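> Protein chains in written order, with my numbering: chain W, 1 to 759; chain A, 760 to 933; chain C, 934 to 1157.
Since the hints were derived computationally from the structure, they do not count as laboratory data.
Bear in mind the structure is a predicted one, so any value in this text is a computation, not a measurement.
Interface residues of chain W toward chain C, partial, derived using beta-carbon atoms under 10 Å:
1. Gly389
2. Arg399
3. Met668
4. Gly672
Anything over 10 Å on all C-beta distances counts as not near chain A; from chain C, calculated:
5. Thr954
6. Gly955
7. Gln959
8. Gly963
9. Glu1008
10. Thr1015
11. Pro1028
12. Glu1051
13. Ala1067
14. Val1074
Glycine is no exception: its CB is placed at the ideal position from the N, C-alpha and C atoms.
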Amino acid sequence: MKPLQDLAVGVRLAVGGSRTPRAGLLRLTLTAIGIGLSTAVLLGVAALLSALADRTDRTAAREASDQPGGGAAVHVHTDRSYVDGEQITVTYLEPEGPGAPVPPGLAALPEPGELVVSPALATRFAEQPALRERFAGEVTGTVSPEGLAGPAELWAYAGANGLRSSPDASPVHHFGVPSSWSDLSPLVLFTAGLGVVVLVVPLLVFVAASSRIAGAEREARLSAIRLAGAGAGQIRRIASAEALVGAVAGTALGGLLFVLARPLLAQLRVGDTTVYPADVVPSWPLAVVVLLLGPVLALGSAWLGLRGLVVEPLGVTRRTRPVRRRGWWRPLLVLLGVLMLLPDLVFGTGKRPGEVLPFLLLGAALLLVGVPVLMPWLTERLVDRLHGGSPAWQLAIRRLQLDSGTPSRVVAGVVAVLAGVVAMQTIVTSASAEAGRRDTERADRALATVEVTAPVAGDALARVRAVPGVEQADPWQLIDLDTDQAGPAMLLVAPCPALERGFRLPACADGDVFTVGGQTPPGSTHRTISYVGDGPAEGPRFTVPGDARAATLHTGHDRTESYATVLATPGAARGLPGPGVRPTLRVWLDPGDAHALDEVRAALAPLGWRASVSSEAELAAPSEDDGLAVMRGILYGGAGLTLLLAAVSLLVLAAGQISERRRPLAAMSAAGVPRSVLARSLLWQNTVPMVLGVLVATGAGLGVAALFARIIGEGAPMVVNGVFVGSLAAGAVLLVLGVTAAMLPGLRSATRLEALRAE
Amino acid sequence: MSIGHTLLGLLERGPRHGYELKRAYDERFGLERPLHYGQVYSTLARLLRNGLVTEAGSQPGSGPERKSYAITDAGITDVERWLTTPENPELYLQNTLYTKVVLALLSGRSAQDVLETQRSAHLKAMRTLTTRKLDGDLADTLICDHALFHLEADLRWLELTAARLDELASEVRP
Amino acid sequence: MTALLTATGLHKTFGPTDALTGASFQISAGEIVAVMGPSGSGKSTLLHCLAGIVRPDAGTVAYRDRDVFALSDAERTALRRTEFGFVFQFGQLVPELSCLENTALPLRLGGLRRRAAEAKAREAMERLGVADLAGKPPGEVSGGQGQRVALARALVTSPSVLFADEPTGALDSLNGERVMSLLVRTAREDGTAVVLVTHDVRVAAYSDREVGVRDGRTRQVAAA
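Using the sequences plus the hints, can you model the full thing?
Below you can see the structure in the form of structure tokens.
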């Protein structure tokens, strides 16, 4: 029974046992908020992970399996197109006979002319008639959630005929492949991973720091309890209970916050990735771990705080008074992080995202944990080297020398967030700058490509040419050539007007052949390669005629035609492309007609699966824009939250410090130390760790970003958003000023001499 | 301790017979050493001779024990002077001081002043000792300290008594 | 003898408590005056008013015929730093600074360079026999040593008035005697006036004269 009573005493002390009740309550609130926020964030992450896992399971379940099987197969052809940067996937299905497999989410296979769409696509159809016209057939139903990745997915199944005999479709006996995380986009994984680190690390740091707030007061209290007859073990239990109250309250708060934020969380989208609200529930083992984390952490840090302390009835003595921080493992952590971010050099991996991603995430996490861990040590080293200065400066520095741990621990939280935020912001900015660059350079909005099946090629061409917004449409076939020489070689088959759009030709008539560059000289013979079905296959041979003339690329053209090394008019390339290769049309649209592309799609809609339209502009348009916006929101939100928490912590810390040092402060003021000197010393005391923190954070953040950019930036230059970094630094400075200003009333009352009275 | 001054002080409240004076004295101050009648009358005779008391009439069937005495103006002045003259700071003078305080209370004079006067005298003695101590060697210091500690004890008693005067007043003047 | 510091008719209340109800005080240059009274009598408040730390509700305090509370806050702060010295019962040393830095603090605040300030501070510490504590933080010295360092700090600016509020209150009698004899001896040598607030008669015995405080009122005790 006794231990329970000890705990009760601790609870009593935590709730209202403080000499300054407001400080005690503030500490409790701060601890609760810190643990609450981290619990909520971790629960959210756990829930999102489980939602992503469900999502991955569902996308795997609808994937066509290549396992052979008996019975009737269904022939499947998938066509992807875009609307407003979002992908629309239409899967055409044709069963061989009854008993053919049905993909999940469908009650039955749609008949030809029938369209079963996802709810999101149905909504889009209702909103955008032009979009509806792109797809022929009657909408007869909706795909149920078990067949969709997420609620916003634009997905449709269409009944088709003729697929069975087309080489473009594959027979499928089962749907469903083993589920794998690698299906998620690296952006999602990266955001999730780094985001967790950026949001959670500082919160953990705050939890640890909050237990140190008003430490002297707590020590005095514990020693008074010891005087009243408590044993050392009881002290430990009482201190634990005191810490637990905040942690348990925080955990409850976290649960509540999570429940409140869950609907918002469900609406979160990164790129095209959305999740079902019902899936946003953490798996219970993970939830238990998260809910236990706060209390365990608080207990741990309370016990760590008691380590090296001997609570005696007449006061608290530190067994090892000036704990020299043994720091060698701290830089090691950072070093390890840096090494992890150089996986290709250190571990000999390639540069493919899938390969390096675990290294990058681990490395970033190590760095973001390592830097705040390094901070107190670094501050101590630096501060020990500072001497002299004005009295105010001297007071502040001496104070920091005596106890740099607590303020720099608070600042460490800020450092972790700032570093992470600077890193992510820089990566995001660089990535979007790079995407923008590619957009403007490459994408020609007035260009579209139509792939059709051979039997309808003529029909398709006629339909496209009939669209008012189309300037020109011609067959346009790029064929890979097998060549002895290094470098790619390609044959472009297109009629003269089409060729003349991209190349300077001496003169052109059907039957002519031209060479571009020296890869495929006149007279050489090459095997054509076609990609039908599973892999490259050899097609018919092509000989460059001896009378082929030279052509040059129009300047400024670095589109697909820039790969062509030999140009042939259709008359010179009979029999090409070989069977199975889908004929392609190139369409030049009227640049002034924004709807030209939609009109082309609508014109081809009756052909169904037999024609599919794509546009470079659509592909290049970064559909991640939403994702970047979300990430930016998380970054700013996280940064703001952390700075705010840091401000509150610093304030509580400082308030505790002032009340602990009432007497010396009052005595100094009585002896004629101007209050302005004391105020300035407070300012320095807050500023020094903060400036150091911001410097370290910016350095670490830019370092991580640079290392990331090296790996995943594909040579893109790193773009540092000076405004962002500057505003963070300014925010930190404002914070210090604000905290110091908020401390002044406390200082004023402490120096108001009542403190000198003996009682 | 001056029995004469004490008897004078007791007479201030009104004329009394000799035996009444003895009873009053024994009750208040003579706990261990009650006065002899002879002592009372010889003292009264001396006071009478000095003009500090007068005979205030006697009961029929005269004899010294039936005589009643009253204090004269000179007697009042004499008591006054005695009360306001500090005792020479010496050891164990509480008895005298206590008597003075009670008498001051009984006679409606300021017992506070009695104590305060004594305090100043004590403090002055202590100051002298302290000065000697500052200028002297260790032997001086030790000797002075001995005296200082005793004087300090007196002073503590004085302070405590001063703080309890009201309480004491209600006891001696019901 | 002209008065260095004069206070008349001081009244001060803290909330419902009357701390001073008409107190007067006077001290001449070089004089040592004990302010005595039981706890709660208002003697510390009297000291705080005399030193210009607490503004009385009524009454005046004049230092060298200048009204202390007519000065601006900054001027009063400077006055306390240059003309007055302070020793309290405990807790007046800044725990972060070493003993030497503590002693040098008033000089440095007065604008003296660090080297010069610390040299002077070392001198003051030598006079009080605590020069060997120069580099130590106050937390590591004994109570008596700490009070002597505090005394060194109070006297380092050669003040005209030293305010001592129960300077031996937290010390045992031997250390108390040491601190007091050092205080008095140094003050006498420098001609520093001392306002000595105490409830300890043996401490008060170091004074030239005594002022009693009871229920917020002063009584000049005749130096009988």
